[in-house]
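Engineer: So the chains spell out like this:
2 protein chains.
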Amino acid sequence: MTVRDDTEPAQHRRISAVPTIHDVATHAGVSPMTVSRVLAGGTSVRPAKMERVLAAVAELGYRKNENARSLRPGQRTGLIGVIITNVSNPYYAELQLGVEEVLSAENIRLLVGNSGEDPARERQLVADFIGRHVDGLIVVPAGGDTAHLSERSLGNIPLVLASREIEGITADTVIIDDVAGAFEGTSQLIREGHRRIAYLGNMTSVFTSKRRFDGFEKAHKDAGLEVIPELVRAGQHDPATAQDAMEELLRLPDPPTAVFSANNRNTIGVLRALRAEALSYSLPGDTPPTSDIRVVGFDNFELSDMMPFLLNVIEHDARELGRQAGKLLIRRLREDNNDAPRKVQLPTHLRI
Amino acid sequence: MTVRDDTEPAQHRRISAVPTIHDVATHAGVSPMTVSRVLAGGTSVRPAKMERVLAAVAELGYRKNENARSLRPGQRTGLIGVIITNVSNPYYAELQLGVEEVLSAENIRLLVGNSGEDPARERQLVADFIGRHVDGLIVVPAGGDTAHLSERSLGNIPLVLASREIEGITADTVIIDDVAGAFEGTSQLIREGHRRIAYLGNMTSVFTSKRRFDGFEKAHKDAGLEVIPELVRAGQHDPATAQDAMEELLRLPDPPTAVFSANNRNTIGVLRALRAEALSYSLPGDTPPTSDIRVVGFDNFELSDMMPFLLNVIEHDARELGRQAGKLLIRRLREDNNDAPRKVQLPTHLRI
DNA sequence: AGTCGTGTTGGTAACGTTACCACAACAGTC
DNA sequence: GACTGTTGTGGTAACGTTACCAACACGACT
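First to last, the protein sequences are chains A and B. Sequential numbering of the first sequence, starting at 0, is according to numbering that gives the first Met the number 0. Sequential numbering of the second sequence, starting at 0, is according to numbering that gives the first Met the number 0.
Hints may contain errors.
[Unchecked claim] To give a feel for the contact side, a few chain A residues facing chain B, derived at Cβ under 8 Å:
| id | residue |
| --- | --- |
| 1 | V56 |
| 2 | G60 |
| 3 | N64 |
| 4 | T76 |
| 5 | P89 |
| 6 | E99 |
| 7 | V101 |
| 8 | H132 |
| 9 | L270 |
[To be verified] Computed spacing ranges between beta-carbons, pair by pair:
| id | chain 1 | residue 1 | chain 2 | residue 2 | range |
| --- | --- | --- | --- | --- | --- |
| 10 | B | M32 | A | Q344 | 50 to 56 Å |
| 11 | B | S149 | A | T42 | 31 to 37 Å |
| 12 | A | R151 | B | T42 | 32 to 38 Å |
For the record, the hints were derived by calculation from the structure and aren't laboratory data. The beta carbon of each residue, even a glycine, is placed where N, CA and C say it ideally should be.
Sequences and hints are given; from them, build the entire structure.
Structural biologist: Below you can see the structure in the form of structure tokens.
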């Protein structure tokens with residue numbers, strides 16, 4: 000034991016400093032090892048001593064130093080790095096909540112970071128999380144350069160990709176069945192007789208956007224139709240840019256009769272454009288000619304059912320996606336298995 | 000240096016195991032101390048050696064073990080615990096984003112947890128975060144038992160309260176000017192001539208709810224009016240329960256002519272109730288008698304401007320609240336100061 | 001030539017924890 | 001009464017890092 004010859008400062012330090020296992024041991028009149036054993040579950044410790052130790056723990060307000068514990072070989076940190084693109088999008092907030100729901104049940108904590116769709120920021124976060132020795136990573140990949148997510152770069156830290164896949168990287172993955180959802184939504188519009196259907200979405204370099212466009216295209220093909228290139232607008236990532244794109248479409252000589260929107264940001268922009276148009280027409284007292292334009296949008300969002308337009312949404316469960324991602328990670332951690340990576344695909348549902 | 004006499008296993012281990020500062024030192028032909036110095040900023044290290052070290056770091060993909068580093072006395076973990084009540088509420092998601100925006104600039108990472116308004120869960124999260132030696136805490140307190148947030152319990156870990164205060168706990172705080180906002184919104188309704196104004200909100204035991212009710216009450220008093228008790232409904236915390244409460248109000252013999260809603264969950268419930276009523280009246284072809292009911296709601300929410308009702312919202316900047324909370328914490332960390340706790344109050348704005 | 005700084009480098013120890021080994025105490029067996 | 005096994009307990013070392021001190025080399029000055 001360390002000798003404390005400086006009486007006055009020692010007392011002062013004892014109050015403010017966080018108590019260690021050593022302090023508890025001294026207080027209970029046992030060795031640090033016994034304290035450690037009690038806290039680990041109390042196997043083969045005499046009941047009387049166990050009580051003394053627990054009393055000392057309570058009295059000093061002792062908390063195990065998790066950082067020191069995880070330093071020992073074979074010990075986990077109990078930390079998971081979660082990198083999402085943007086929590087302010089309710090879809091990813093739900094995802095985070097689902098992840099936490101599953102992992103907190105295992106006493107695992109979340110280190111979260113927002114990449115803002117920036118691969119460089121994502122790489123930086125991954126590097127930092129590795130430095131903190133997370134037990135695993137759950138990432139919504141931003142795309143672009145993904146070398147930092149390769150197996151070689153991560154070592155033996157398990158990775159779960161959420162919402163998006165990456166070409167060339169094999170890892171546990173949870174995604175939405177984007178293709179089927181977009182197919183179903185688009186088919187509904189075609190079934191209703193629409194032939195001039197606009198598409199609004201993110202850049203097709205984004206995994207989900209590409210898949211949703213594929214579903215959009217497939218629905219056309221299956222119906223013997225073709226996608227009309229001049230009605231396709233890909234590249235909007237927020238409501239404002241989507242609104243601009245939609246207003247541009249409405250000004251076309253031959254505007255679309257229906258719109259397929261590939262995500263909730265774009266859908267909201269579309270709805271704003273439609274309302275702006277309706278308002279501008281209502282001034283001269285005329286009935287707006289395109290107010291009955293049909294909209295189908297991927298992703299549900301709060302109040303979608305309160306919109307004063309003909310709108311259907313392709314809904315899916317972001318929280319469940321987060322839960323599944325958490326479960327895949329737990330499976331990897333529990334059994335130290337090298338099974339082939341699993342891919343979970345969650346269904347969508349067209350809400351009428 | 001440790002002698003590795005087991006040649007075969009050592010090689011295998013070298014590939015999968017995370018490299019340490021020792022490995023880098025051996026690889027560069029210097030001592031671990033020199034590597035540490037280079038990584039700390041490279042003061043008084045010969046340029047040639049510095050280069051060799053950096054090359055070894057790059058080649059081995061070495062990452063400093065932050066947990067081991069923070070074990071040393073005087074060293075920080077660079078971790079902040081953020082406890083919010085529920086990320087799936089966009090208001091708190093924005094708050095989290097604001098906190099991250101400010102703290103990631105200081106290279107501080109976020110440990111996040113959702114309390115779900117449960118004080119026991121909050122206490123558990125605080126205890127865990129203390130065990131991980133966070134440098135500080137940002138908490139949206141759930142209320143109830145708050146002993147775990149007392150200065151005695153936290154030791155010298157700085158605490159910032161966000162969005163809500165706690166009686167008896169002095170800490171840096173960032174809140175919205177709830178009273179003024181509610182006063183302004185209610186006054187607007189009174190100015191328009193409304194005399195039967197309903198109130199819907201959370202339990203008044205929640206800090207913000209109480210303050211917003213106070214503002215509601217003060218607006219009445221200042222206008223020489225009194226709050227009508229039968230029109231007050233406090234206790235709804237989600238849209239579904241709020242909708243029920245509002246429907247009940249609409250069925251009163253003498254229903255309110257206007258509604259003040261104290262948060263976005265309640266506002267959405269109110270709007271749903273109004274729409275349900277409008278739909279039920281539209282069946283017999285009758286004009287609904289209360290469709291022109293006025294609504295003013297605290298908190299803005301996405302698409303609030305697209306609602307087919309007369310709605311004003313009292314908006315405020317949740318992300319800015321998060322930023323301010325982060326800044327207060329950084330200030331506490333930077334200078335190791337014992338200044339009196341600061342209280343920042345953010346303004347609201349009635350959106351017409 | 002000897003002394004003194006100055007700049008560069010490495011050894012040692014410690015942060016708080018737990019795995020491993022050693023050992024003591026005790027009961028049961030021949 | 002010596003031997004064996006079981007249970008409870010503590011000492012030691014190590015995880016990866018950095019603060020501190022000691023030591024070294026080297027040029028500049030007396």
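Engineer: Look at each hint and say if it fits the structure.
Structural biologist: Do the hints match the structure? See the list:
no. : hint                        : verdict
1   : V56                         : violated, 12 Å
2   : G60                         : holds, 7 Å
3   : N64                         : holds, 6 Å
4   : T76                         : holds, 7 Å
5   : P89                         : holds, 6 Å
6   : E99                         : holds, 6 Å
7   : V101                        : violated, 13 Å
8   : H132                        : holds, 6 Å
9   : L270                        : holds, 6 Å
10  : B:M32 to A:Q344: 50 to 56 Å : holds, 52 Å
11  : B:S149 to A:T42: 31 to 37 Å : holds, 34 Å
12  : A:R151 to B:T42: 32 to 38 Å : holds, 33 Å
Going through the hint list in order, the structure does not satisfy hints 1 and 7.
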